[in-house]
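Keeping the supplied structure of chain Y fixed, place chain U upon it in accordance with the hints.
Protein chains: 2
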Amino acid sequence: MATENVRPIIGVFDSGVGGLTVLRELLLEVPGADYLYFGDTARLPYGSKSAATVAKYACSAVRYLEQLGAEMVVIACNTACALAYPEIERCVNVPVMGVIRPGAESAAKASHTKKVVVIATEGTVGSHAYSTALSEWKVSAQEKACPLFVPLVEEGWTDHPITEQVAHVYLDELTRSGSSADVLLLGCTHYPLLKELLRRVVPPQMAIVDSAESTARSVAVKMQRLTASVTAPHIRFFATDSIEKFRRTGTKFLSREIGEVALVNMEP
Amino acid sequence: MATENVRPIIGVFDSGVGGLTVLRELLLEVPGADYLYFGDTARLPYGSKSAATVAKYACSAVRYLEQLGAEMVVIACNTACALAYPEIERCVNVPVMGVIRPGAESAAKASHTKKVVVIATEGTVGSHAYSTALSEWKVSAQEKACPLFVPLVEEGWTDHPITEQVAHVYLDELTRSGSSADVLLLGCTHYPLLKELLRRVVPPQMAIVDSAESTARSVAVKMQRLTASVTAPHIRFFATDSIEKFRRTGTKFLSREIGEVALVNMEP
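Protein chains in written order, with our numbering: chain Y, 1 to 268; chain U, 269 to 536.
Extracted from the complex, chain Y is given alone in its bound form:
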């Protein structure tokens, strides 16, 4: 069991509050660590931006986490992992863990037909990062951008009939009528909030794999000695725009109250 003076600090980075779904899973899987969470809310969303822009923004954020003492950085942002993982790894001296490899590995293990449907933002889908990762396990991927899911989640319509209709428009063709895919991989941090709704939309025999959970389990494997703790993790939050909005909207992603949030200015 970890003692107070050896608690490592894990940095978690996302373009906004979505990565709090990854932090939520980390708090369950690795309660023996302390956490720094950085949401680049002034520059979100990354999903519609170019690889060069995403790399620049993500590197400045993870360097900030390293300077604050993070001994490992989890890139909770699927888009940043998809478009700029090698650049992010190069720009810091601490280990970096992304969400794509753990998500792809879990999906590959869950699939018997070796066919997976991946849903994500436009940027992630355009990069084919999940498809590339899944091919290592000889699994083929059908990737589908679902650009309305993030705004629907942010509107709070996580259980709304309109969201269910949108999900049918996006997914029916890929999951029904003769498709042999047996896993739906949630490749965006916002999508865990739609898991129950998606369960009703896709066929019952289709497994739903969440990259946030898979990532937390991978971090737990790396840090086995930290999976139990006598004291609660200490968490510090940083955002680049409105801290009130971060607290207000972040609560539903983290499933708990968010305390103090520090405002960070990333530009001169």
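The set of hints was computed from the structure by calculation and includes no laboratory data. Ideal placement from N, C-alpha and C gives every residue a C-beta, glycine not left out. Watch out, some of these pointers could steer you wrong.
What the hints assert, rightly or not - Partial list, computed: chain U residues near chain Y (C-beta under 10 Å):
{"id": "1", "residue": "A310"}
{"id": "2", "residue": "Y325"}
{"id": "3", "residue": "W405"}
{"id": "4", "residue": "S408"}
{"id": "5", "residue": "Q410"}
{"id": "6", "residue": "K412"}
{"id": "7", "residue": "P415"}
{"id": "8", "residue": "E423"}
{"id": "9", "residue": "P429"}
{"id": "10", "residue": "Q433"}
{"id": "11", "residue": "V437"}
{"id": "12", "residue": "L439"}
{"id": "13", "residue": "I503"}
{"id": "14", "residue": "D509"}
{"id": "15", "residue": "S510"}
Showing chain U alone in chain Y's frame:
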């Protein structure tokens, strides 16, 4: 009629491609000018950002247009006008025209009941900028944020049954069952693309006023000598992120092909 050597240059600024609906109206109303259009696509959307962040971004963009020779700047971005108009006016030496006052004036003139429903982004609604402007004409405003309209337009669902349902969820309470409002004011540059759909959603006696059209007419009044021209306006486009995406998505907002787009880096 303007001759070639006296054609003034009008700068048009928006957070993205939405302001091309304002440029489209300007090309109809003021064809005797040349245009510079700046879309701050790397930092969009402004609608969910704080006033301080929006002011900083908008000022850097309008200064850029001034340096390129703009003799007047039109702030096509409702959110920037709502949150940072005084700051933007102060940071350049050329006249600045926003979209909120012209939109409010047209709506006030169109309303017999002196009650207007304003739809806009969260940031614009939260600022109550339209409400403040309308109160000068003794018109009361009911303001409603419609955060899903922008992503629905960007998804291309401008005539989709799901978009029509979303519009009913947002608007029915405000426009039906005893409401005496007789004007719907479109307070976001993306909304003109939903005008036909909204026409079906709101009661037939309700007028729809579009800030983009109203703004172009206000610019035309200021520049009367330029409302006719023998040659087509010269237009240069600038964007802070993916120029391909700007061209692809911008076409439907401008209703014509977009030529060369220059990539601008606004950060060091």
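Hint check results:
1. Annotation: interface hint on A310/U holds; nearest CB of chain Y at approximately 5 Å, less than 10 Å.
2. At about 9 Å, the closest approach between the beta carbon of Y325/U and any beta carbon in chain Y falls short of 10 Å, and the interface hint on this residue holds.
3. Among the interface hints, the one on W405/U is violated; its C-beta lies about 31 Å from the nearest C-beta in chain Y, farther than the 10 Å criterion.
4. Given hint, S408/U at the interface with chain Y, is violated; its Cβ is 26 Å from that chain's nearest Cβ, farther than 10 Å.
5. Hint on Q410/U is violated. Least Cβ distance to chain Y is approximately 19 Å, over the 10 Å limit.
6. Hint on K412/U is violated. Least Cβ distance to chain Y is approximately 13 Å, over the 10 Å limit.
7. Because the beta carbon of P415/U sits about 6 Å from the nearest beta carbon in chain Y, less than 10 Å, this interface hint is met.
8. Below 10 Å, beta-carbon pairs count as interface contacts, and E423/U has one with chain Y at about 6 Å; its hint therefore holds.
9. For P429/U, the interface hint holds, since its Cβ comes within 10 Å of a Cβ in chain Y; the closest pair sits about 8 Å apart.
10. At about 6 Å, the closest approach between the beta carbon of Q433/U and any beta carbon in chain Y falls short of 10 Å, and the interface hint on this residue holds.
11. A distance limit of 10 Å between C-beta atoms decides the matter here; for V437/U the minimum to chain Y is near 7 Å, and the interface restraint holds.
12. The closest approach between the C-beta of L439/U and any C-beta of chain Y is roughly 14 Å, which is over the 10 Å cut-off, so the hint fails.
13. With a least beta-carbon distance of about 23 Å to chain Y, the hint placing I503/U at the interface is violated under the 10 Å criterion.
14. Residue-level restraint check for D509/U holds (minimum Cβ-Cβ distance to chain Y is 5 Å; threshold 10 Å).
15. For S510/U, the shortest C-beta to C-beta distance to chain Y is roughly 4 Å, which falls under 10 Å, so the interface hint holds.
In terms of the numbered hints stated before, the structure departs from hints 3, 4, 5, 6, 12 and 13, listed from lowest to highest.
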